[in-house]
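K.L.:
For reference, the chains in residue letters:
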Amino acid sequence: MLGIDEASLALLDNLQRRYIEALDRRDMEAWLDCFSQDADASYFCIAAENVERGLEIALMYDDCRARLTDRVTFISKVWTGTFQPYRMRHFVQRIGTPILDHGKLSVVSNFSIATTPEGGSSSLLAVGQYEDSVVLDRGELRFLRKRAVYDTTVLPRYIVYPF
Amino acid sequence: MNAPIQWPKAVNEIPKAIFTDAALYEREIETIFHGAQWHALAHRAEIANPGDFKTMLLGRMPVIVANGEDGKIRVFFNSCTHRGNQVEMASCGNRKAFECPYHRWMFRTNGELAICPGSEEFSPGFDKKDYGLRELRTAEFCGLIFATASADTPALESWLGAVAGTLAGALGGDGRLKLLGYQKVRYASNWKAYSDNDGYHAPLLHVGFRLLGWQGGQGSQKPTPNGHLAFESQLKPVVNRDFLKDPSLIDLKATDPESGSLIAQLFPHTVITKHMDVINVRFATPISVDCTEVHYAYFSHADDSEELVRHRIRQSSNLLGPCGMVSMEDASIFNRIHIGSFTPGNAKFQKGVKRTDEVWFDVKQNDESGNLPKWNYYCQLMGFQRSEVA
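Chains A and B supply the protein sequences, listed in that same order.
Under this note's numbering, think of the first position of the first sequence as 17, with each following residue one higher.
Under this note's numbering, think of the first position of the second sequence as 124, with each following residue one higher.
Read the hints as simulated data drawn from the structure, not as lab findings.
For glycine and all other residues, C-beta sits at the position ideal for the given N, C-alpha and C.
No incorrect hints appear here.
Sample of chain B residues at the chain A side, in silico, Cβ under 7 Å:
{"id": "1", "residue": "307"}
{"id": "2", "residue": "367"}
{"id": "3", "residue": "368"}
{"id": "4", "residue": "421"}
{"id": "5", "residue": "439"}
{"id": "6", "residue": "445"}
{"id": "7", "residue": "446"}
{"id": "8", "residue": "448"}
{"id": "9", "residue": "454"}
{"id": "10", "residue": "455"}
Here chain A stands alone, though its shape is the one from the complex (with noise of 0.2 Å):
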């Protein structure tokens, strides 16, 4: 049973750790298993400056189960040799109080992302929050939507990787 606990917090900040794990190791694999296996599973990337003014157009837009399975094969397959490849550190802290909601644990995070391009020095990526709907899914809690609105009005560089 989902509830507001010590309990609940601990396993929903598990997920965001295993979550920023996946993006940090660059697993794509482990980065779609923190989503539910519910068809409509979702990921959005985007600017906070288009969520401001009610615009809808986002970095990534998957708004379904199958365009995350699409994403993951494009970074797996399609993408691979064209780019250079860039390490990440995400950081994530919770913010505020979960909200439940018939079994939905909304919850809000601030993150930042570090990256280091192969032989270079650090720098950062892109700030800004993740807003959440997590849910109970095969025994663990996963991300039933998951929006990173992003602060870094423009971005340092082209993005192979989710926030």
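For chain A, the structure is supplied; the task is to place chain B on it using the hints.
P.N.:
Then chain B, alone, in the frame of chain A:
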């Protein structure tokens, strides 16, 4: 002091040093970006209502693109006519007037100076009428707003020349667009490398096309003598749709496959494209010799159904931007051209090159020689002398 750049005799060669030379970059800002060219700064759909504005850079000069209370779009230098203070800080918004906070000079949305406190003690002969925001020459084509800082720039229609038809098509035919949103990014690349994409690379670089069995259709490529380039091509249906779990992303809902891909590349580096159901203007700004900022603005058409708008949003977001399915690779190439250009010698174009003594305009769809008229124009504009010997 570096040796002066020597422009090669053969028209299919360009010196790599032009991508990395900081002094040349300064000359380009003056000659091209502050000079006699039109520069696309906004589409009317971004500032659709009276009082709407956006701020941009024209080369290095900050400008305000403002939709006046009278519904006329004007471009002003973003600098108070008093002491030169930046007038507007926001990247976009809606104002009844523009106020410079320093001495509270206030300008109407049509640029007129309305208020300047203490003017009874100003210099003899001071007249408010002489102190409106300084307006640039402005022209509009299918809603796309152009400005130029030079009085010598030819009229917009003659400047666009043969690219106008493709440009109109790419802007939805009549330019009645609605803004869907932006993707903004900086590339670690000189502006000329960013804008030198060619017709040769597409089927080779973009593995996604191959895996989807997405053959290019028949098409054409038309360069103009002043550095523009227009591509028009058919879109063939995807053979291997099963490669995607969600092939609906690449459906054509509002586009005739016969003219499915229209690209207008305007000198120096604005790209307007209508590919599949994506309507996209790429506003580019040179930031430094090794950095180019690009605002990808996406649009729907005013007559679109709600369902079609939804389709455009998901296709536009995922297809052609800085992490798009068939464009992320382009972005990585911009950076790699820049890094490779620090080595000596010339970059050499080959595909479709029929002769090397002069440029020609009859090029095929998948030739890279379509870029050569632009390079020839650039060479002349920047005052390079071609080498006498091969």
